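*Asks:* Just so you know, the protein sequences line up as chains Y and Z, in that order. If you use my numbering, the first sequence closes out at 365, no skipped numbers anywhere. If you use my numbering, the second sequence closes out at 448, no skipped numbers anywhere.
Wrong hints could be hidden among the right ones.
Partial chain Y-side listing against chain Z, Cβ under 7 angstroms, derived [what the hints assert, rightly or not]:
#, residue
1, 60
2, 61
3, 64
4, 122
5, 125
6, 129
It is worth saying that the hints were derived from the structure and are not from the lab. If you're wondering where the values come from, they're calculated on a predicted model, not measured in any experiment. Beta carbons are placed, not taken as given, at the ideal position from N, Cα and C, and that holds for glycine.
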Amino acid sequence: MMEMRISGLGIAGAFGCGTRELRAALEHGGVKPSFCADAGAQSIPVYRASTTALERYLNKRVLRRIDHFSRLALLGAFEALEDGEYNFDFIPARERLGVVLCSGFGALSTTFRFLDSVMDDGDSFASPTAFSNSVHNAAAAHISMQLGITGPGQTLSQFDHSFISGVQQAQMWLEEKRVDAVLLGTVDEYCSVLGYCWERFLGIKPSTQMRPFASDSSSALPGEGAAFFLLRPQQDGSAGYARISGMECGHVRGSSPRLGSGAPLILGCEGYPDTMNMYREHLPADAAVACYTPLYGASPVAPAFDVAIAALALERGKAYPAPAAPPAETGWATLSSGSAVETLTCVDFGVGGEYSALHRARPCL
Amino acid sequence: MDTKAKLKQVLVEELNLEDVTPDEIEDDEILFGEGLGLDSLDAVELVVVVQKHFGVEIKDMDEGRPALQSINTLAAFIEEKQG
């Protein structure tokens with residue numbers, strides 16, 4: 001595959017907004033979920049993300065028709081382009097920039113609010129603005145409109161594996177030379193219906209704490225956020241965080257990710273016992289692992305946060321402290337804080353048995 | 366609450382006018398363009414809002430254009446239709 005370079009990062013989650021706040025959370029921990037009273041019979045802990053930082057880029061009047069989901073996406077997009085020092089004064093740059101937006105669930109809050117209004121008041125009273133925001137590609141449209149991007153746009157949804165699908169799409173566009181760069185983002189939001197499901201079907205309680213390697217009972221806490229990447233071909237010589245040197249996807253029924261012995265891995269464990277069993281079965285016994293989901297919770301955007309953390313670690317050449325240690329019986333070592341890293345692979349198993357492995361290496365400067 | 370006050374409140378809430386309060390909207394302020402700054406998408410939303418909150422239907426552009434000029438004109442239109 002053609003290697004890609006991550007040259008800009010835009011992230012917003014429970015840890016805060018931007019690379020500086022994510023680095024601080026990685027170094028010092030302390031990210032706590034908040035409690036959402038609307039989740040059902042009792043409030044459950046949720047890793048919420050704020051979009052107040054978006055007012056740095058857009059005024060309130062512009063934002064008034066843009067819902068939380070699209071605001072998260074816009075915040076990630078602005079941050080990634082600013083971080084990657086993308087030159088918008090150069091008009092062809094707008095035409096040669098692709099937008100790929102990935103989401104597992106889409107704009108949940110707006111979608112349910114729109115459906116509720118149809119059921120409560122009939123379709124003639126349904127808000128046209130709510131309908132337009134409930135469409136899955138609304139966030140990508142907001143990004144293109146607000147940033148003046150006229151290159152191709154694509155919205156993808158493949159639940160837990162939406163992000164890896166987006167990486168494939170970006171790689172294809174760059175290889176075809178259809179674009180010079182791709183703004184690849186993943187965004188997902190929490191909503192009260194999701195909270196109800198978490199409580200009802202996963203048994204999450206107010207006292208539940210996120211234990212990513214749990215195999216006895218589910219400890220996954222819902223999260224939300226946005227993670228955006230400005231991707232360029234590796235050979236274009238621009239600076240960046242890391243190279244994407246390989247990727248693989250599959251299903252546990254037919255294959256297994258190719259992970260080298262002792263390979264440093266970032267695992268997407270979110271506290272689901274079923275997927276934990278897949279990690280146990282398919283990872284090398286001597287793997288050195290880290291898992292950072294206690295900083296942002298469980299959601300389809302979590303694999304993209306993992307990739308952002310890997311990029312930050314590879315940029316500085318050292319691993320960040322892992323907030324949770326793997327159980328001793330796995331035999332896995334904890335990727336120790338400060339240990340030198342030249343390559344990192346982010347591995348993610350979905351509840352249906354799908355897996356993805358994204359291989360990254362330090363940038364070639 | 367009279368029609369004008371309710372209209373202003375509904376306008377701010379339903380159109381998410383975060384940078385203005387109901388009290389700041391003048392009765393004779395032009396709603397679209399340079400006045401309050403609403404646009405054609407707001408007009409569509411406003412038609413739904415008026416029907417939902419006041420039970421009054423704006424059937425076409427001939428009816429809507431003069432009614433949607435200001436709070437004064439819209440309130441008068443609603444009150445007339447409500448009889």
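*Asks:* Next, verify each hint and record whether it holds.
*Replies:* Cross-check of the supplied hints:
1. 60: holds (4 angstroms)
2. 61: holds (6 angstroms)
3. 64: The hint holds - residue 64 (chain Y) has a Cβ within 7 angstroms of chain Z, the shortest such distance being about 4 angstroms.
4. 122: For residue 122 (chain Y), the interface hint is violated, since the closest Cβ of chain Z sits about 10 angstroms away, which is over 7 angstroms.
5. 125: holds (5 angstroms)
6. 129: Holds - the Cβ of residue 129 (chain Y) comes within 7 angstroms of chain Z, reaching about 6 angstroms at its closest.
In summary, the one numbered hint that this structure violates is 4.
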